[in-house]
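**Student:** Residue numbers (the UniProt record's numbering): 1 to 102.
These are calculated hints, taken from the structure and not from any lab test.
From a predicted model like this one, the values you see are computed outputs, not experimental measurements.
Quick reminder that beta carbons are idealized off the backbone N, C-alpha and C, glycines included.
Fair warning: there could be bad hints in the mix.
[Stated by the list, open to error] Cβ-Cβ distance ranges computed for the label pairs, FRET-style:
| no. | residue 1 | residue 2 | range |
| --- | --- | --- | --- |
| 1 | 69 | 95 | 31 to 37 Å |
| 2 | 67 | 9 | 26 to 32 Å |
| 3 | 8 | 102 | 36 to 42 Å |
| 4 | 72 | 36 | 17 to 23 Å |
| 5 | 72 | 40 | 21 to 27 Å |
| 6 | 3 | 23 | 15 to 21 Å |
| 7 | 81 | 3 | 29 to 35 Å |
| 8 | 50 | 99 | 18 to 24 Å |
| 9 | 8 | 101 | 20 to 26 Å |
| 10 | 43 | 19 | 17 to 23 Å |
| 11 | 12 | 100 | 17 to 23 Å |
| 12 | 101 | 78 | 16 to 22 Å |
| 13 | 7 | 47 | 18 to 24 Å |
| 14 | 65 | 22 | 16 to 22 Å |
[Claimed, not checked] With a Cα cut of at most 25 Å, we get these calculated SDA-like pairs of lysine to any residue:
| no. | residue 1 | residue 2 |
| --- | --- | --- |
| 15 | 49 | 12 |
| 16 | 89 | 14 |
| 17 | 50 | 24 |
| 18 | 49 | 10 |
| 19 | 50 | 18 |
| 20 | 50 | 96 |
| 21 | 50 | 29 |
| 22 | 50 | 89 |
| 23 | 50 | 22 |
| 24 | 49 | 13 |
| 25 | 50 | 6 |
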Amino acid sequence: MYSARDRVENEEWLTHIETAADRLELGSEARSYASDMFLSQIPASDRSKKAIAAASLYAGALIAGEERSQTEVADAADVTRLSIQQRWKDILEDAGFRPPSW
Numbered sequence: 001m002y003s004a005r006d007r008v009e010n011e012e013w014l015t016h017i018e019t020a021a022d023r024l025e026l027g028s029e030a031r032s033y034a035s036d037m038f039l040s041q042i043p044a045s046d047r048s049k050k051a052i053a054a055a056s057l058y059a060g061a062l063i064a065g066e067e068r069s070q071t072e073v074a075d076a077a078d079v080t081r082l083s084i085q086q087r088w089k090d091i092l093e094d095a096g097f098r099p100p101s102w
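Whole structure, please, built from the sequences with the hints as guidance.
**Tutor:** This is the structure we're talking about:
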């Protein structure tokens, strides 16, 4: 869980998620999941926030049934595909979901 303060302090990254979601034409459910997962996974280092935001967006789209490829999300979020690949399963698990085995 996260606090309202977390939301305020990370507004820049939530905007980054929204901008990437716009590029991917994702709906409100995927955006909401992505924001919630990001706020629940906020890394201490600002260096990691961009990758966590992108991986959260990928995971949020999966949960919402609006799957996009890792490459599409990486391009929209301006990160490498590897950044998403290394993080999305942990984000899903920490949110209480079981990642697909494919």
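**Student:** I'd like to know which numbered hints this structure contradicts. Please list them from smallest to largest.
**Tutor:** Checked against the structure, the hints that fail are numbers 1, 6, 9, 11, 12, while the rest are satisfied.
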